[in-house]
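S.K.: If you want the building blocks of each chain, they are given just below.
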Amino acid sequence: MLRQIEGSAAVAETVARCRPEVVCAYPISPQTHIVEGLSDLVRNGELSPCEYMTVESEFAALSVCIGASAAGARAYTATASQGLLYMAEALYNASGLGLPIVMTVANRAIGAPINIWNDHSDTMSQRDCGWLQLYAEDNQEAADLHVQAFRIAERLSLPVMVCMDGFILTHAFERIDVPEAAAVDAFLPPFEPRQLLDPAEPMTIGAMVGPEAFAEVKYLAHAKQLQALDVIPEAAAEFESAFGRPSGGLVRCYRCDDAGTVVVALGSVLGTIEDTVDELREEGVSIGALAIKSFRPFPMEAVRDALAGARRVVVLEKALAVGRGGIVSADVGMALRGLHLPVHTVVAGLGGRAITGASLRRLLDAAVADELGDLEFLDLDWNRVGAELRRMADSERSGPHAENILREVGVVAGRPH
Amino acid sequence: MAESATFEVRVHGRGGQGAVTAAELLSVAAFDEGRHAQAFPSFGSERTGAPVVSFCRFSEGPIRTREPVASPDALIVLDPTLVHQVDLFAGLRPDGYLLLSSSRRLAELGLGEVAERLRPGHALSIPAREVARRHLGKPLPNAALLGGFAALTGQLSLPPVEAAIRERFPSPAGEANAAAAAECFELVRQIRAESEVPDASTQERSRA
Numbered sequence: 186m187l188r189q190i191e192g193s194a195a196v197a198e199t200v201a202r203c204r205p206e207v208v209c210a211y212p213i214s215p216q217t218h219i220v221e222g223l224s225d226l227v228r229n230g231e232l233s234p235c236e237y238m239t240v241e242s243e244f245a246a247l248s249v250c251i252g253a254s255a256a257g258a259r260a261y262t263a264t265a266s267q268g269l270l271y272m273a274e275a276l277y278n279a280s281g282l283g284l285p286i287v288m289t290v291a292n293r294a295i296g297a298p299i300n301i302w303n304d305h306s307d308t309m310s311q312r313d314c315g316w317l318q319l320y321a322e323d324n325q326e327a328a329d330l331h332v333q334a335f336r337i338a339e340r341l342s343l344p345v346m347v348c349m350d351g352f353i354l355t356h357a358f359e360r361i362d363v364p365e366a367a368a369v370d371a372f373l374p375p376f377e378p379r380q381l382l383d384p385a386e387p388m389t390i391g392a393m394v395g396p397e398a399f400a401e402v403k404y405l406a407h408a409k410q411l412q413a414l415d416v417i418p419e420a421a422a423e424f425e426s427a428f429g430r431p432s433g434g435l436v437r438c439y440r441c442d443d444a445g446t447v448v449v450a451l452g453s454v455l456g457t458i459e460d461t462v463d464e465l466r467e468e469g470v471s472i473g474a475l476a477i478k479s480f481r482p483f484p485m486e487a488v489r490d491a492l493a494g495a496r497r498v499v500v501l502e503k504a505l506a507v508g509r510g511g512i513v514s515a516d517v518g519m520a521l522r523g524l525h526l527p528v529h530t531v532v533a534g535l536g537g538r539a540i541t542g543a544s545l546r547r548l549l550d551a552a553v554a555d556e557l558g559d560l561e562f563l564d565l566d567w568n569r570v571g572a573e574l575r576r577m578a579d580s581e582r583s584g585p586h587a588e589n590i591l592r593e594v595g596v597v598a599g600r601p602h
Numbered sequence: 327m328a329e330s331a332t333f334e335v336r337v338h339g340r341g342g343q344g345a346v347t348a349a350e351l352l353s354v355a356a357f358d359e360g361r362h363a364q365a366f367p368s369f370g371s372e373r374t375g376a377p378v379v380s381f382c383r384f385s386e387g388p389i390r391t392r393e394p395v396a397s398p399d400a401l402i403v404l405d406p407t408l409v410h411q412v413d414l415f416a417g418l419r420p421d422g423y424l425l426l427s428s429s430r431r432l433a434e435l436g437l438g439e440v441a442e443r444l445r446p447g448h449a450l451s452i453p454a455r456e457v458a459r460r461h462l463g464k465p466l467p468n469a470a471l472l473g474g475f476a477a478l479t480g481q482l483s484l485p486p487v488e489a490a491i492r493e494r495f496p497s498p499a500g501e502a503n504a505a506a507a508a509e510c511f512e513l514v515r516q517i518r519a520e521s522e523v524p525d526a527s528t529q530e531r532s533r534a
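Chains as they are written, first to last, in the numbering used here: chain D, 186 to 602; chain L, 327 to 534.
Bear in mind the hints are in silico, worked out from the structure with no lab data behind them. A hint or two may mislead.
As the list claims (entries may be wrong) - Derived CB-CB ranges, DEER-like: (1) D:Gly469 - L:Gly436: 33 to 41 Å; (2) L:Leu435 - D:Asp225: 38 to 46 Å; (3) L:Ser497 - D:Glu231: 19 to 27 Å; (4) D:Leu574 - L:Ala489: 35 to 43 Å; (5) L:Arg443 - D:Leu574: 40 to 48 Å; (6) L:Leu435 - D:Pro298: 51 to 59 Å; (7) D:Leu560 - L:Arg443: 52 to 60 Å; (8) L:Ser497 - D:Leu574: 40 to 48 Å; (9) D:Leu411 - L:Ser497: 50 to 58 Å; (10) L:Glu501 - D:Gly469: 37 to 45 Å; (11) L:Ser497 - D:Arg379: 30 to 38 Å; (12) D:Asp225 - L:Glu501: 20 to 28 Å; (13) D:Val402 - L:Gly375: 52 to 60 Å; (14) L:Pro465 - D:Ala578: 52 to 60 Å.
All C-beta atoms, glycine included, are put in the ideal place defined by N, C-alpha and C.
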């Protein structure tokens, strides 16, 4: 049934219908409404049996999920930003142990400077930790992906992150059809763990592995992720036949079949991009968009197939590999090796800066006119950057960038040195 | 980028006044009328009293854009003191609407020029705080203003606004807020009738 509700509420209800037996999370903006919603559902008995555990940190939250999952319970957690970083060691353990935990990441920037707003720095920083990463374009997909995520995770015995843009999706009210409980039950059979800690039959997991076998175990982790390239589209197809709407999968093309220029992106910015693509198409510009839904595993073939016919590719990313540039675009470039297609990286939306239709229009006009460089920064204020670079050159003690730029912007932040 | 079929609202308030809830309730009311709607906040570091902005879009079709509302068709202002702190009227369309919570007239607030830039009858201040205080015992103007918004813009009828309010707030606050919204709806209708402005709701509906 369609309802006008908040994205976080829809995710909480959907996760509850997936019947996790253990939920353990530490609150952090903009994830908080999701775990508050789940704790309400456990408290009022709507989600039962389920143990909702409160802990003192994200490290503990994921560690509890690891223990619960190893003991055969379907386990769920959620976090964002520094919370995800605080989990980093446990992330590798969860994937290395092959535990099918599902986690929502309400994507948020990483400090310093501290910033609570949306970008993809958090999940991009953990892209190689062995978890699958699925990105939602809207709140309907965010809800649907959780149902698919448990199924994919348990089929492969691997943990899955469902990534949804913080605030932009988590705090947005829109029409959402929360997957019906009976249909979720039919789609998602009870969790049958591939390995199980059982006091009646004691065993250990998490062996120390030396040089004689470490590479083989790691290769198997890679092989399992590659299996996900089949399992993710299967889950999406089964979901569509069960629930009657498309959600998830590896990639999604929007008007890119015959497009000379294709914009590649992840997450909620695709909506604004599609509006801009339509505007340009009406003016006769041959342009389309490609949504990458699964970033890990990275769907090399699907991306190559979707982009092979284009004349240029613009990768719009909400994260920056400092000292390198693009993260997504590096993988896209690898997918397109040998095709001699220009791949432009555009870093946009960092720390919650709005990505507007007007800015996208200017960017794509420049792209179509072959005026884009290899690495661009959407709406960056070059005057302020230049002033700070000059200050650095002029003085050895030019002070901290964050405070200096804030003073330039006119926001009060401490006194000058 | 606003499609011509999309109606965009920006709500300004201070932390604690319910600006975010106001936009959410507008979206629920529009959904109840069978339209597509999207509401979202522009969060800062949430503090009571700090300026807060929220947005709502209505459309007959799916809404894909996620950008903040830069050129609103309607502005709802929960606190007149924001005039001195925030660029409230930035981007307001010439055919747009302004609804501000104050017991003083716009001209008395120094906003006569802003009102004159808009079409006659499109800019109003209403004593939403006072109406809310009478019904709720608290000067929280958000729900009350939504009734005024419905009457001013004709974008929504009153019943779905009342229903959204009742659904959101448990009784008795739900009933009290719905009553405040209904009173502001009538108040705006009267003001517009007295100034001989054609009734927005019939105007908009006949256009649709």
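S.K.: Does each hint hold? Answer for all of them.
M.R.: A quick look at each hint next to the structure:
The supplied range of 33 to 41 Å is broken by Gly469 of chain D and Gly436 of chain L, whose beta-carbon atoms lie about 48 Å from each other. In this structure, Leu435 of chain L and Asp225 of chain D meet the distance hint of 38 to 46 Å, their C-beta atoms being roughly 42 Å apart. A beta carbon spacing of about 22 Å between Ser497 of chain L and Glu231 of chain D agrees with the range 19 to 27 Å that was offered as a hint. Checked against the hint of 35 to 43 Å, the C-beta distance between Leu574 of chain D and Ala489 of chain L comes to roughly 56 Å, which is inconsistent with it.
In this structure the hint that Arg443 of chain L and Leu574 of chain D lie 40 to 48 Å apart at CB holds, the actual value being about 41 Å. At roughly 37 Å, the beta carbons of Leu435 of chain L and Pro298 of chain D sit outside the given window of 51 to 59 Å. Our hint of 52 to 60 Å for Leu560 of chain D and Arg443 of chain L is violated, since their Cβ atoms are close to 42 Å apart. A C-beta distance of roughly 60 Å is found between Ser497 of chain L and Leu574 of chain D, which places it outside the suggested range of 40 to 48 Å.
For Leu411 of chain D and Ser497 of chain L, the hinted distance range of 50 to 58 Å is satisfied, since their beta carbons lie about 56 Å from each other. Checked against the hint of 37 to 45 Å, the pair Glu501 of chain L and Gly469 of chain D fails, with Cβ atoms roughly 56 Å apart. Taken as a hint, the range 30 to 38 Å is violated for the pair Ser497 of chain L and Arg379 of chain D, whose Cβ atoms sit roughly 50 Å apart. The hint said 20 to 28 Å for the Cβ distance between Asp225 of chain D and Glu501 of chain L, and at roughly 24 Å that hint holds.
A hinted range of 52 to 60 Å for the beta carbons of Val402 of chain D and Gly375 of chain L is consistent with their spacing of about 56 Å. Between Pro465 of chain L and Ala578 of chain D the C-beta distance comes to about 54 Å, which sits within the given range of 52 to 60 Å.
This entry does not satisfy hints 1, 4, 6, 7, 8, 10, 11, going by the numbered hints stated previously.
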